[in-house]
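Number of protein chains: 2
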Amino acid sequence: MSYFLKAKRIDEETGSIKVALLNELEAWHFGIHAGDNLKLTIDGKAIYVSANTSKHRVRPGQIGLYKDVWSKAKILNNSIVQVEFQENARSIQAIKKRLLGKRLNYEEIHSIMSDIVTDQLSKVQITYFVASGFMNEYTDEELYFLTKAMAETGDMMKFSGLVADKHSVGGLAGNRTTMIVVPILAALGVKIPKTSSRAITSPAGTADTMEVLAPVSFSVDQIRKIVNKTNGCLVWGGGLSLAPADDKILKVSYPLSLEPYSKMIVSIMAKKVATGVNHLIIDMPVGPTTKIPDMKTARMLEKKFTYVAHRFGIKIKVSMLKTSDPVGFGVGPALEARDVLRVLQQKKERPGDLSHKAVHLAGQLLELIGKCKPGHGSTLAWKVLDSGRAWKKMQQIIKAQGGNPNVDSEQIVLGAHKKYYNATKSGKIVYTDNKAINLVCRALGAPSVKLAGIYLNKEFGVRVKKGERLFTLYAESKERLHLAEIALEKLRIFKIE
Amino acid sequence: MSYFLKAKRIDEETGSIKVALLNELEAWHFGIHAGDNLKLTIDGKAIYVSANTSKHRVRPGQIGLYKDVWSKAKILNNSIVQVEFQENARSIQAIKKRLLGKRLNYEEIHSIMSDIVTDQLSKVQITYFVASGFMNEYTDEELYFLTKAMAETGDMMKFSGLVADKHSVGGLAGNRTTMIVVPILAALGVKIPKTSSRAITSPAGTADTMEVLAPVSFSVDQIRKIVNKTNGCLVWGGGLSLAPADDKILKVSYPLSLEPYSKMIVSIMAKKVATGVNHLIIDMPVGPTTKIPDMKTARMLEKKFTYVAHRFGIKIKVSMLKTSDPVGFGVGPALEARDVLRVLQQKKERPGDLSHKAVHLAGQLLELIGKCKPGHGSTLAWKVLDSGRAWKKMQQIIKAQGGNPNVDSEQIVLGAHKKYYNATKSGKIVYTDNKAINLVCRALGAPSVKLAGIYLNKEFGVRVKKGERLFTLYAESKERLHLAEIALEKLRIFKIE
Numbered sequence: 001m002s003y004f005l006k007a008k009r010i011d012e013e014t015g016s017i018k019v020a021l022l023n024e025l026e027a028w029h030f031g032i033h034a035g036d037n038l039k040l041t042i043d044g045k046a047i048y049v050s051a052n053t054s055k056h057r058v059r060p061g062q063i064g065l066y067k068d069v070w071s072k073a074k075i076l077n078n079s080i081v082q083v084e085f086q087e088n089a090r091s092i093q094a095i096k097k098r099l100l101g102k103r104l105n106y107e108e109i110h111s112i113m114s115d116i117v118t119d120q121l122s123k124v125q126i127t128y129f130v131a132s133g134f135m136n137e138y139t140d141e142e143l144y145f146l147t148k149a150m151a152e153t154g155d156m157m158k159f160s161g162l163v164a165d166k167h168s169v170g171g172l173a174g175n176r177t178t179m180i181v182v183p184i185l186a187a188l189g190v191k192i193p194k195t196s197s198r199a200i201t202s203p204a205g206t207a208d209t210m211e212v213l214a215p216v217s218f219s220v221d222q223i224r225k226i227v228n229k230t231n232g233c234l235v236w237g238g239g240l241s242l243a244p245a246d247d248k249i250l251k252v253s254y255p256l257s258l259e260p261y262s263k264m265i266v267s268i269m270a271k272k273v274a275t276g277v278n279h280l281i282i283d284m285p286v287g288p289t290t291k292i293p294d295m296k297t298a299r300m301l302e303k304k305f306t307y308v309a310h311r312f313g314i315k316i317k318v319s320m321l322k323t324s325d326p327v328g329f330g331v332g333p334a335l336e337a338r339d340v341l342r343v344l345q346q347k348k349e350r351p352g353d354l355s356h357k358a359v360h361l362a363g364q365l366l367e368l369i370g371k372c373k374p375g376h377g378s379t380l381a382w383k384v385l386d387s388g389r390a391w392k393k394m395q396q397i398i399k400a401q402g403g404n405p406n407v408d409s410e411q412i413v414l415g416a417h418k419k420y421y422n423a424t425k426s427g428k429i430v431y432t433d434n435k436a437i438n439l440v441c442r443a444l445g446a447p448s449v450k451l452a453g454i455y456l457n458k459e460f461g462v463r464v465k466k467g468e469r470l471f472t473l474y475a476e477s478k479e480r481l482h483l484a485e486i487a488l489e490k491l492r493i494f495k496i497e
Numbered sequence: 001m002s003y004f005l006k007a008k009r010i011d012e013e014t015g016s017i018k019v020a021l022l023n024e025l026e027a028w029h030f031g032i033h034a035g036d037n038l039k040l041t042i043d044g045k046a047i048y049v050s051a052n053t054s055k056h057r058v059r060p061g062q063i064g065l066y067k068d069v070w071s072k073a074k075i076l077n078n079s080i081v082q083v084e085f086q087e088n089a090r091s092i093q094a095i096k097k098r099l100l101g102k103r104l105n106y107e108e109i110h111s112i113m114s115d116i117v118t119d120q121l122s123k124v125q126i127t128y129f130v131a132s133g134f135m136n137e138y139t140d141e142e143l144y145f146l147t148k149a150m151a152e153t154g155d156m157m158k159f160s161g162l163v164a165d166k167h168s169v170g171g172l173a174g175n176r177t178t179m180i181v182v183p184i185l186a187a188l189g190v191k192i193p194k195t196s197s198r199a200i201t202s203p204a205g206t207a208d209t210m211e212v213l214a215p216v217s218f219s220v221d222q223i224r225k226i227v228n229k230t231n232g233c234l235v236w237g238g239g240l241s242l243a244p245a246d247d248k249i250l251k252v253s254y255p256l257s258l259e260p261y262s263k264m265i266v267s268i269m270a271k272k273v274a275t276g277v278n279h280l281i282i283d284m285p286v287g288p289t290t291k292i293p294d295m296k297t298a299r300m301l302e303k304k305f306t307y308v309a310h311r312f313g314i315k316i317k318v319s320m321l322k323t324s325d326p327v328g329f330g331v332g333p334a335l336e337a338r339d340v341l342r343v344l345q346q347k348k349e350r351p352g353d354l355s356h357k358a359v360h361l362a363g364q365l366l367e368l369i370g371k372c373k374p375g376h377g378s379t380l381a382w383k384v385l386d387s388g389r390a391w392k393k394m395q396q397i398i399k400a401q402g403g404n405p406n407v408d409s410e411q412i413v414l415g416a417h418k419k420y421y422n423a424t425k426s427g428k429i430v431y432t433d434n435k436a437i438n439l440v441c442r443a444l445g446a447p448s449v450k451l452a453g454i455y456l457n458k459e460f461g462v463r464v465k466k467g468e469r470l471f472t473l474y475a476e477s478k479e480r481l482h483l484a485e486i487a488l489e490k491l492r493i494f495k496i497e
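Residue numbers (our numbering), protein chains in the order written: chain A, 1 to 497; chain B, 1 to 497.
Treat the hints with care, as some may be off.
You can't tell identical chains apart in this list, so a pair holds if it fits in one copy or across any two.
[What the hints assert, rightly or not] Computed list of lysine-lysine pairs in DSSO-like fashion (alpha-carbon distance at most 30 Å, straight line):
#1 K465 to K490
#2 K435 to K263
#3 K251 to K263
#4 K458 to K102
#5 K263 to K465
#6 K303 to K45
#7 K123 to K55
#8 K102 to K347
Just so you know, the hints here were simulated from the structure itself, not pulled from any lab data.
Let's have the full structure, built from the sequences with the hints guiding it.
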């Protein structure tokens, strides 16, 4: 469908997105809505604009064009403008094609990602695209195309040479291994520019936890400087424009709480590609209360991660471990930061599971890179941790990011309002409810309240006596403590039998 | 996931949609976004609200509740509120289920329609539902459920006794048979409460055309009075709350120009059910430039229409006719109204095709109702038309709707700016481009400009001589006429060979 209208020059600029103004009633009759993409043809030249409508500023038969458009295209008042509804936009055609069950090629997928990033596609249109991926699983090739297009439509922070990374799929409380793996690798001369997210549905993300020790928001240039100085960094990735389509896709995934695995793979890998990572270890906790419910799913994901990584020449290892037990004793930004420091500073109270898991992951990454013979990675990682070299490196990173490098684990400030919970019977801890921990931490205010959280005095598998301390709540106010107490009337952190 | 917060009473009312106010940062950490549906539990009672967020009006740990909520639920300041993200809302579960390729039962479909109508589902969520229908065709049973739920979640205008209706699927220029069928049936004592749409993508809808003769916007009660007085009416359905979910589904279908046949069936049938129609004839023009491209599609649709109708006990007949030729000579509200009057008033210039098609449809409807023996419907309809009884009835309807019953076809005001187009060669008209007619009418300003349009002086199949008049443009301004002239440089209304 196309319509013919007369240009009316409007002496205003609209900024980056090109806009044309239609008479509201007429637009309605044309079936055109505010926000629709239009193709205008004027003297044989095509201009792509987004439709705005107004009752009075343009009459029926007119189309209002702003300065950004008419100054470039030399349009006069009363020039004849052919207006076409952009249902033929390549991205929209591609979305329709996929809704019909067909597969997309790279150009089609790139057009979608590119139009998402430049706001050419509306939320509703992006939703159709997400729905198409949910109903018809992407092929491996489509996953590769999606990853490539998502990376290439954002900033490319590409570091050169050997670039390592470690990524946790998440869903497990605590689990701050990243903050130990990064200094171990960096201490051994491996470049590891780690960008992390803040918590969305968990009590703390790596960025939230690192922020207890140092600032985490930097520009690409600043990150480059930090990494050039120390080999590593622990920064927040959300402020960068790495794979920016991801966020917009996430926004339309929320309202249905959709998190298809394919989206997870693309979202993780696109950021790695944009950062220039070429050696990657994925930490994938498997268990009913994590994101990956069973080993069958985990192995399917391992295959897909590996396929996509190899298409980019990325060496990858997926480390799957069946668990739903929190890693470390603390849950919440400050408590997790204290656990990390206790491990790096080799304190007596350090959580053994956190050290072990971090060393294991660091070791596997070292083997993948070829820093040591197969089977010797963990030994090498232990040495770096035990000798204090990892902590020295972490001090350099904290300093480079503007924090206090002389912080001691026992100086970390925790919530002033505490409450202890003791065992109501004797027995063995046979189950830890990761989701309950999550909810109680939320009630306490984590992660926005950094010093709030739970310290687990006991862990899965140990025997406890009636009256022994099980866990401790920390909050910054009586009110938040009270909210957690109420939550705990319905929830059970440990199951004792 | 659920969270515990303390109630803060806010002394304001929000109106019909229940809202709760969360601290912006905290909501973000909860993964809750403005507009999300939440389930609040207070003292064991559940309240469903939509989330709003604010930086300052509520602190973290608090949830702001407006008067509408706390006055009914007897909530005190600091009451403990359990907040659950409504991913478990029945409608959302149902949408997810269908996205996974499963079929829905009536309760599930009703929950979706009901939540659409009450604004419990956001545009993005409705989009997922529409996408699911596009990717996996609805079963016949689902079509019935959809129709029933869409009708029952709106006003039910139910007329009692025998209620007839005629519906054109559309896509054909002119084709104002409805305005002739209704008075014929009503003259024979058949109740035919006709609600029509305005044009969206065509130059005139029945409501636009009838509006040339009389007002068309009425309440349900007013419509009931008009029908009780005259047996018929020709009113605009858009202002009524018949099948209100339809409009909202339409809104998210636009941005991808999706118009699946299933949506068309449900949308048409739900309105018939809400009106209480029990005898229905569907006029379905079939051809490359109409909505139904071929007979195969038409027969598939006939089957589905029939299935759904029978589930409601509606007697139905689908009248399929291969054509892409406009019906009548005029296109545009005033020109079409003139055609209709010329037929009803038996003027010399009346378009034969319009009379014939209207009589044919009226006849089939009369046979369906049992007003005459099979095969005798057209004869009966002709009699009513020829004898002037149809015009008399139309006068009553025009009067009951507040128009001038003594209007003469030749008094209809047309656009003052005319332009004639003549044949540039001799030959036979072998093709009429329905879409081109549409576009030129748009350029002239129809349907918002009622007196704009095209009068076709010739029709498909006739021989013309070079220089003979082919068609006439009518516009209310030189500018609009000029726009149409430009459109006609690229478009061809008739193909002569």
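We went through each hint and held it up to the structure:
1. K465 to K490: within (22 Å within a copy, 89 Å between copies)
2. K435 to K263: within (23 Å within a copy, 41 Å between copies)
3. K251 to K263: both (12 Å within a copy, 27 Å between copies)
4. K458 to K102: Cα proximity of K458 and K102: none, with 53 Å in one copy and 44 Å across.
5. K263 to K465: Neither way: K263 and K465 sit 45 Å apart in one copy and 64 Å across, limit 30 Å.
6. K303 to K45: Neither way: K303 and K45 sit 47 Å apart in one copy and 47 Å across, limit 30 Å.
7. K123 to K55: both (25 Å within a copy, 24 Å between copies)
8. K102 to K347: For K102 and K347, the Cα distance exceeds 30 Å both inside one copy (57 Å) and across copies (55 Å).
Checked against the numbered hints above, the structure breaks hints 4, 5, 6 and 8 and satisfies the rest.
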